[in-house]
Amino acid sequence: MLGFLKNPVVITVEINMNLMALIVMGLISRLWGLSYPRAVVFDEVYYGQFVSLYMKRIFFVDDSGPPFGHMLLALGGYLGGFDGNFLWNRIGAEYSMNVPVWSLRLLPALAGALCVPLAYQILVELQFSHCAALGAALLILLENSLITQSRFMLLESILIFFILLAVLSYLKFYNLQRHSSFSGSWWFWLLLTGVACSCAVGVKYMGLFTYMLLLAVAGLHFWHMIGDQNLSNVSLMCHFLARGLALIIIPVAMYLSFFYVHLTLLYRSGPHDQIMTSAFQASLEGGLARITQGQPLEVAYGSQITLRNVLGKPMQCWLHSHKNTYPIRYENGRGSSHQQQVTCYPFKDVNNWWIVKDPGMQQLVVSNPPRPVRHGHIVQLVHGITTRYLNTHDVAAPLSPHSQEVSCYIDYNISMPAQNLWRVEIVNRESDTDVWKTILSEVRFVHVNTSAVLKASGFIGASLPEWGYRQLEVVGEKLSKGYHQSMVWNVEEHRYGKSQEQKEREVELHSPTQMDISKNLSFMAKFTELQWKILTLKNEDTEHKYSSSALDWITMDTNIAYWLHPTSGAQIHLLGNVVTWTSANVAALVYMCLSLWYLIRRRRKIYDIPEEAWQLWVSAGGICVGGWAVNYLPFFLMEKTLFLYHYLPALTFQILLVPIVLQHLSDHFCRSLLLKSMFSALIVAWFSSVYLVYCTFSPVTYGEPSLSVTELKDLRWKDSWNILIRKQ
Numbered sequence: 001m002l003g004f005l006k007n008p009v010v011i012t013v014e015i016n017m018n019l020m021a022l023i024v025m026g027l028i029s030r031l032w033g034l035s036y037p038r039a040v041v042f043d044e045v046y047y048g049q050f051v052s053l054y055m056k057r058i059f060f061v062d063d064s065g066p067p068f069g070h071m072l073l074a075l076g077g078y079l080g081g082f083d084g085n086f087l088w089n090r091i092g093a094e095y096s097m098n099v100p101v102w103s104l105r106l107l108p109a110l111a112g113a114l115c116v117p118l119a120y121q122i123l124v125e126l127q128f129s130h131c132a133a134l135g136a137a138l139l140i141l142l143e144n145s146l147i148t149q150s151r152f153m154l155l156e157s158i159l160i161f162f163i164l165l166a167v168l169s170y171l172k173f174y175n176l177q178r179h180s181s182f183s184g185s186w187w188f189w190l191l192l193t194g195v196a197c198s199c200a201v202g203v204k205y206m207g208l209f210t211y212m213l214l215l216a217v218a219g220l221h222f223w224h225m226i227g228d229q230n231l232s233n234v235s236l237m238c239h240f241l242a243r244g245l246a247l248i249i250i251p252v253a254m255y256l257s258f259f260y261v262h263l264t265l266l267y268r269s270g271p272h273d274q275i276m277t278s279a280f281q282a283s284l285e286g287g288l289a290r291i292t293q294g295q296p297l298e299v300a301y302g303s304q305i306t307l308r309n310v311l312g313k314p315m316q317c318w319l320h321s322h323k324n325t326y327p328i329r330y331e332n333g334r335g336s337s338h339q340q341q342v343t344c345y346p347f348k349d350v351n352n353w354w355i356v357k358d359p360g361m362q363q364l365v366v367s368n369p370p371r372p373v374r375h376g377h378i379v380q381l382v383h384g385i386t387t388r389y390l391n392t393h394d395v396a397a398p399l400s401p402h403s404q405e406v407s408c409y410i411d412y413n414i415s416m417p418a419q420n421l422w423r424v425e426i427v428n429r430e431s432d433t434d435v436w437k438t439i440l441s442e443v444r445f446v447h448v449n450t451s452a453v454l455k456a457s458g459f460i461g462a463s464l465p466e467w468g469y470r471q472l473e474v475v476g477e478k479l480s481k482g483y484h485q486s487m488v489w490n491v492e493e494h495r496y497g498k499s500q501e502q503k504e505r506e507v508e509l510h511s512p513t514q515m516d517i518s519k520n521l522s523f524m525a526k527f528t529e530l531q532w533k534i535l536t537l538k539n540e541d542t543e544h545k546y547s548s549s550a551l552d553w554i555t556m557d558t559n560i561a562y563w564l565h566p567t568s569g570a571q572i573h574l575l576g577n578v579v580t581w582t583s584a585n586v587a588a589l590v591y592m593c594l595s596l597w598y599l600i601r602r603r604r605k606i607y608d609i610p611e612e613a614w615q616l617w618v619s620a621g622g623i624c625v626g627g628w629a630v631n632y633l634p635f636f637l638m639e640k641t642l643f644l645y646h647y648l649p650a651l652t653f654q655i656l657l658v659p660i661v662l663q664h665l666s667d668h669f670c671r672s673l674l675l676k677s678m679f680s681a682l683i684v685a686w687f688s689s690v691y692l693v694y695c696t697f698s699p700v701t702y703g704e705p706s707l708s709v710t711e712l713k714d715l716r717w718k719d720s721w722n723i724l725i726r727k728q
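Numbered according to the UniProt record's numbering, the sequence shown terminates at residue 728, and the numbering increases by one at each position without gaps.
It should be emphasised that the hints constitute simulated quantities derived from the structure, not laboratory data.
Ideal placement from N, C-alpha and C gives every residue a C-beta, glycine not left out.
It is possible that part of the hints are untrue.
What the hints assert, rightly or not - Listed next, with one range per pair, are the computed distances between beta-carbon atoms: (1) A253 with Y36: 39 to 49 Å; (2) P401 with G244: 50 to 60 Å; (3) L589 with M17: 26 to 36 Å; (4) W32 with S689: 18 to 28 Å; (5) G244 with Y205: 18 to 28 Å; (6) G244 with S185: 18 to 28 Å; (7) V10 with K56: 48 to 58 Å; (8) L692 with L589: 16 to 26 Å.
What the hints assert, rightly or not - With a cut-off of at most 25 Å between alpha-carbon atoms, the simulated DSS-like pairs for lysine-lysine come out as follows: (9) K533 with K56; (10) K545 with K713; (11) K545 with K640; (12) K323 with K348; (13) K498 with K348; (14) K348 with K533; (15) K640 with K533; (16) K545 with K718; (17) K498 with K323.
Whole structure, please, built from the sequences with the hints as guidance.
So this is what it looks like as structure tokens:
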């Protein structure tokens, strides 16, 4: 029974020394002197603000992409014990002692270091030689721009890591497909493909390009499987479901989980939540929640309310009125009604309060029990302070002459009767009997007499002149002109009015609201709103000193100065290895020309290379050239400020193509031993030049040693490069 103990238990482990050496070299190149410089470097001033907000649990919105990358940077700060107390207001500012610089930069550096062995493994899985794979890894290792980008609190190295991990995982899964479908390792690599794709998209939306590429490749491979007569219908369905689960369902679920964690961590109100809806703001601790907590949920006749415009950009604003009237004549000679002004005011004010009145009754207080207002009900809106009724009529608005003027009615005893009846339409209702709810309901006010809709029109960028205190215009817009969010309002602050006398009511309007009902948004409601804001929120793009066009990237006609020492000539630039970038461009051009030549020849039934080599050539191009194209060409369609670092994911794929083309040329064009020897010697000389350029630009990659003015001028290989030289 114990016979198995007679022999020792032996565990055999295979270690790829090439891989281990690449990991060590990658770590050294990215982690060496990581805390230097101990100052804010370029976009660290941007990402650092978000890290501080995570540490303080304060909500924010970043229109550049999803939150997963920010959370990884914040994880580095958390592991380093960062308390979030640092003012991220200037590039070059010295970090205080409470900022764990090494920890904050660690995860991007680790991601950048691991890109080196990933490049090696990708070429191995593409069935190229270990020599070619080693060449690809060394090119990534010695690429100055990738080193620079991975040594600071930036996201590109993390993005590239997950992109390469997704590609490697899919290749491993595909290679296992042939002989061990549905095995443990098969499932592992398939699931890891989906996870890595989701993480790439979660870091930056640029990851979506590679995700779409891999979905296309997976779809093509499955299309070929359909034609395999050896696979049964049941087997094909299982393969389809497995891919759907791993490549679509799991990535979507993970993407949602990033936002769930993000919203769970950031539960406190902050400066960014003002662009969100009132319901979203009320779900955060502090801020609007302190005002709205416990308000009555259902709006009733007699309710005192403030109405916030749902669009909320370029700034949030509330329906507002004051005692001033429209001028009798505007600057352009047009006349007005001379009624009381109604505007949209971007600040909280007692003049933002309105009372919901039943047209058939005179009372301005809530009855007992309250009579809720429902979808389709007719109401009058009485301005709380001046007690005048919200009104519109066939008079041109001051800034929008094709729309109706909105006012609070003053009876001048002329032939202009009040037209102050409004129909409440709940836009997001579930049924036609829905009750108008505080914060949750989004409503339109349709004028009964003219069918015009109450609209904040100041969002086109114009505000009223001095007579209107530069506030935003409110108009009555015909429904025939279409629906727009500026026509939609929601109740933000709400109380049940108790005072019938005007003086008592004014005191009531100045007092804070306190009632008994809290309002919580579901995760999906918060996710939908936040996702929409991320996709639609656009900061004003201004021309940056180091911005560039996509055409500048291929030939590296631009650079970015990341940091300059305040006294010496030490500086850090985002500059690539010129030899590597040129070689990558040449390799891409050679690949496309050779592919076109092969296709034309194959059309003529002339096969220059074996079928296996052709399939290898096509599959490698699909990944490398396809990866370069999908990560580069979309930038020509983008209307945003672009920088050189946007090209780095595309460059990475292009670099992988270089050893692929070199091996192909060696295998199929160097047929004699002499040619192979000469070609090998050229490769050695070429690679030596790559290393030489890496060493030459290392001082501006790592920021040390400090260079003299002459040495800095010598590094300016192109006139378009902006190398910083201090005036003597």
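Verification of the supplied hints:
1. A253 with Y36: 39 to 49 Å: holds, 40 Å
2. P401 with G244: 50 to 60 Å: About 56 Å separates the Cβ atoms of P401 and G244, which means 50 to 60 Å holds.
3. L589 with M17: 26 to 36 Å: holds, 35 Å
4. W32 with S689: 18 to 28 Å: holds, 23 Å
5. G244 with Y205: 18 to 28 Å: holds, 22 Å
6. G244 with S185: 18 to 28 Å: holds, 20 Å
7. V10 with K56: 48 to 58 Å: holds, 54 Å
8. L692 with L589: 16 to 26 Å: Holds: the Cβ-Cβ distance is about 24 Å, inside 16 to 26 Å.
9. K533 with K56: Between K533 and K56 the Cα gap is close to 22 Å, so the pair holds against 25 Å.
10. K545 with K713: It holds: about 20 Å lies between the C-alpha atoms, which stays within 25 Å.
11. K545 with K640: holds, 14 Å
12. K323 with K348: holds, 17 Å
13. K498 with K348: holds, 22 Å
14. K348 with K533: Since the Cα atoms of K348 and K533 sit roughly 23 Å apart, the hinted pair holds (cutoff 25 Å).
15. K640 with K533: With Cα atoms ~17 Å apart, K640 and K533 stay inside 25 Å; holds.
16. K545 with K718: Holds, at about 17 Å.
17. K498 with K323: Roughly 24 Å between the alpha carbons, so the hint for K498 and K323 holds.
The earlier numbered hints are all upheld by this structure, with none contradicted.
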